[in-house]
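Chemist: Residues per chain, in single letters:
There are 2 protein chains.
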Amino acid sequence: MAVGTAATVKALDPIELREMGAQMILSNAYHLHLRPGDELIRDFGGLHSFMGWDGPILTDSGGFQVFSLEGLRTIAEEGVEFRSHIDGSPHSFTPESVMAIERNLGADVIMQFDHVIPGQSDEAAARDASERSLRWLARCVAALERLRGESAGGPPPTTTIPSGAQLSTTNFPLPAPNHPQALFPIVQGGIHASLRVAAASAIRDLGDWPGFGIGGLSVGEAKPDMYRILELLDDELPRDRPRYLMGVGFPEDLVEGVLRGVDLFDCVAPTRMGRNGAAFTSDGRLNIKRAEFRTDPRPLDDACDCTACRRFSRGYIRHLFVADEILGLRLLSLHNVHFLVRLMRDARAAIMDGTIRTWSRDWLARYHSRAPSPE
Amino acid sequence: MAVGTAATVKALDPIELREMGAQMILSNAYHLHLRPGDELIRDFGGLHSFMGWDGPILTDSGGFQVFSLEGLRTIAEEGVEFRSHIDGSPHSFTPESVMAIERNLGADVIMQFDHVIPGQSDEAAARDASERSLRWLARCVAALERLRGESAGGPPPTTTIPSGAQLSTTNFPLPAPNHPQALFPIVQGGIHASLRVAAASAIRDLGDWPGFGIGGLSVGEAKPDMYRILELLDDELPRDRPRYLMGVGFPEDLVEGVLRGVDLFDCVAPTRMGRNGAAFTSDGRLNIKRAEFRTDPRPLDDACDCTACRRFSRGYIRHLFVADEILGLRLLSLHNVHFLVRLMRDARAAIMDGTIRTWSRDWLARYHSRAPSPE
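Line by line, the protein sequences give chains B and Y.
What the first sequence shows, in the working numbering, is residues -18 to 356, in sequence order.
What the second sequence shows, in the working numbering, is residues -18 to 356, in sequence order.
Misleading hints may appear alongside valid ones.
Note that the list lumps identical chains together, so a pair holds whenever it fits in one copy or between two copies.
List time: in silico SDA-like cross-link candidates among lysine to any residue, alpha-carbon distance up to 20 Å [said to hold, decoys possible]:
id, residue 1, residue 2
1, 270, 68
2, 204, 241
3, 270, 302
Rather than coming from a laboratory, the hints here were simulated on the basis of the structure.
Turn these sequences into a full structure, and let the hints steer you where they fit.
Modeler: If you want it as structure tokens, here you go:
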């Protein structure tokens, strides 16, 4: 999933995502609740209508963001009180309020509100957070059922806009009363195998889920710990439902995740690194700002068919970065997202024709053959 | 002409310009000489190849930029010595060196190197600059002939790139020896009618020109002075050759210019104002950052068919600006350039069917009916 935290995949137009074959976008309840406000987005007919993306959207619950607000939040069983990173204003998130926010946003897949902890947390802290996440999951389910019941009756909400005209559901249809928002539970438990197994088991007992989030990885733990937990969960979660490894990752992480049964990923890396001048290529990363590219007539990646690689040289894109031109940010962001979309398309094909082991070994060997450029 | 000072129309992709029907791009000898260097661009096959634009390009000579470097330049009959605005390094421009730069860049239309003065200059200063510009025009013609002769013989230039591979004319064809670069003279003379008439007459005597630049307007003088000079030159310059009013302008300036016989314009306004949140509309300018647009479901301009207006609301675009998102800069830049391209297309149609007087009166009345938003 391309990441569109603030209802836009940074530097890109939804049409470009569609053209490169991106299938799904991720956005974020925390960010959109603070700005521009989830009720405003509801009044525009939901996130799809607001941002002009007609494909699937997943919203994260904001758990990760809220718990990252070190020093700006207090945690209780009821929920989390926190201050906005934008203006310091006070807010609180509970499983119930987050479901209302995600309902307003109207994404196709919505994540439960969970308690996220740092990757190196000890077992006691990890157990406490995992068990709280399970209790919050049950509250999310109940809250979502109430919200669905409420929106089934009553008049459609309208909002009055300053000019006096009515912004009503005529122009921007609200999600239908039974808009099939799929709620994904999130398996927590840190790097502790017994906690992960217990969480997966408890979640399975709670219902028949359309898919599963795997949270609390890629948050500072060692890679072998992440791989070990993924291998464990590959056996614990139903094979016929998508597994979503949250916040991961770099190209090599996606390949390693696919090998361990993961279906969905999201990460800001392609756009954030693109804006910093780093391009993913089949031979590893390169930093386009380096002087060596000044006269380089080749595309970023000669194995890539994105619009940046088909039309522009490294020398030109380097010039755009040196001159601080927006087109440079656009082209590298587009190339990097395209690179990951194509990587997953290739991995899917390799799974289908039974060659995923050899395909991934070859891919990783080539990707790691060149040391990353210094950033 | 959309302005692409640094070999990119800011925030836009050449494909977007093509799709909206933009016909021509302007770029700049001063900026490209300093960064990335006109010889580098020559080695990439010229500006068209470097920036991925296959339509016509005009390069300004850098006269305007060099003379704007108040305190950083000294003027003599030979040329101008100046310091780079980027790093303070010393450079000099003469008619001969500027022709070599514009030849390297390979634009279709190249402007002479001229002596530009402030709009309020007195007649003595204006005469001095105008007469120097005429002498420099003769030197430009001679220099260009020499350059054409040189490039007709000798081996094609190559440059060695660090990897050891050769960047040769095989990959990036150089302009053919007789690449038909059209040299436009520039009529100077400030707001002094007699100087303008004398300059136009002297230029006509120097040759059969493919087109004419009108310089030194929109540089601080009053609008009625600009209109008076344009009306004067409308009679002084051949009617069957394009007249290019340099550095102009805003939508209303374009309409006023067309009414006075101008064919070509350039201005940074659509992209610069777009990046600042200002949108041209049929009812005047609006500032998308204003709170009144927060819940506004309408497009920027309901008479516009650009991709921003077809797909996004004012409320969404305002959110993008408030959240400092690049897509906002893209959409307003695109809309504003599209607005001017379409304005000129409509004006051309009105000329062809003989309704330019009523069309322009109606257009200006509607555009001025709404006071510009405070910026």
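Chemist: Work down the list of hints and note, for each, if the structure agrees.
Modeler: The hints, checked one at a time:
1. 270 <-> 68: Intra 34 Å, inter 18 Å, cutoff 20 Å: inter-copy only.
2. 204 <-> 241: within (13 Å within a copy, 70 Å between copies)
3. 270 <-> 302: within (7 Å within a copy, 27 Å between copies)
When the structure is compared with the earlier hints, no violation turns up for any of them.
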